[in-house]
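Asks: Sequence:
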Amino acid sequence: MSETQLRTTPREQALSDSQRDALKQKLVPIVYPDDRFDEYVKTIKEVAHDLSGVLAPLGAFLNTDVQPDQRPGSIKLTNLPISESIERPPLNHTDLTRIDKENYISENVLTAMAVNFGEPYSMHCEGQGLINNLIPTRRTSSEITGLGADSDLRFHAENAALRFLTGRDCSPSALLLTGVKQEANPPKTRLSDARLALKLLSAAERSILQRPLYAVKLPYRWRGYASGYDMLHTRMIPLIEEDRHGLIVHAAFYGDMIGYCATAEAERAAQAFEQALESVAYDEIISPGEIVAIDNRTTLHARTPFKASFDESGRAQRWVQRLFITADLDVFADWDAPRERVFAPTFEALPGKVMSA
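Going by this note's numbering, the first residue of the sequence shown is number 5, and it counts up by one from there.
Heads up, some of the hints might be wrong.
Calculated pairs, EDC-like style, for lysine to aspartate or glutamate (alpha carbon to alpha carbon, straight line, at most 16 angstroms) [to be verified]:
1) Lys311 <-> Glu147
2) Lys185 <-> Glu16
3) Lys311 <-> Glu187
4) Lys185 <-> Glu294
5) Lys80 <-> Asp287
6) Lys192 <-> Glu294
7) Lys30 <-> Asp54
8) Lys192 <-> Asp156
9) Lys192 <-> Glu282
10) Lys311 <-> Asp154
11) Lys311 <-> Glu91
12) Lys28 <-> Glu88
13) Lys192 <-> Asp287
14) Lys28 <-> Glu50
15) Lys105 <-> Glu91
16) Lys185 <-> Glu106
17) Lys49 <-> Glu123
18) Lys28 <-> Glu294
19) Lys105 <-> Asp38
20) Lys80 <-> Glu288
21) Lys30 <-> Glu50
22) Lys203 <-> Glu91
23) Lys185 <-> Glu278
24) Lys203 <-> Glu278
25) Lys28 <-> Asp54
26) Lys203 <-> Asp154
27) Lys192 <-> Glu288
28) Lys185 <-> Asp54
29) Lys28 <-> Glu106
30) Lys203 <-> Glu246
31) Lys203 <-> Asp73
32) Lys80 <-> Asp154
33) Lys185 <-> Glu88
34) Lys192 <-> Asp154
Derived by calculation from the structure, the hints in this document are not laboratory data.
Let the sequences and hints guide you as you build the complete structure.
Replies: In structure tokens, the structure reads:
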């Protein structure tokens, strides 16, 4: 394949109708809780083996026993069970640990897939419960977050700064997305495998990106969580690096997430990298009955701006759910945990301090 043909392509697998129906029968009785998420995950793990067979062709995902260039940067599971009827989410959804529903199939199937690849968890800055509900509101339309419909959330690794602010890697190993309800004219969730994008850059540009010439900030929703977090950023770091498991990308191109480039040359290399990511990108619609999982080390994601639709009460039509996974929950051992598996960041930092970890 020539470089002009390089394109990010999720590795895809579908459930058969009989597998879908059997899984639904087991998931419908399970109530997604508003607390005690350890017990919930344990219950889900007991039925998750039903997915292990259909997921076998996707087993290279996040598998460090597989050569890095053979691991898919993203995977997609389709023909999943869905709820027949879903009401629009309430206006106060950001204050809720759980949005009450007739059943919790979307939460349960998302968690069932997640536990096959890691340990599910959430960040308290992103939502009250284990699963994050990404729902636009009129009030948040201009926010540079998943709740802001007007915002162009350009390519980024999720919570990349968390790899540097504690001395441990507290970023997700992957994130999983599924649709609960979707717009008639939905936004695109864009995926771009940085391993492909880097092939479009010169050796000199790749070399610059590997040098500690950049500072990355916390995501916008994190910045108001505690005093000084709005000024907090990493030490000077590279945007790409390699370890024994392959490539790791620390880039985040939306808003002011790259807070500082040390040189004009570094800024140009970052711009070239973003252009290359655009060139190899794949556009996805996050739909009910489908899950997209993204390797947060190698594959960046983005979301296009869109015109959100609301009913007369202001309730949104679009409703996407997200779940983070990690290889090791112990990386959050000294963070606050308002609920099981829901962690609140603790950074020993003063306003404007550059972390040296």
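Asks: So which hints don't hold here, by number, going up?
Replies: Hint check: 2, 11, 22, 23, 26, 28, 32 fail, others pass.
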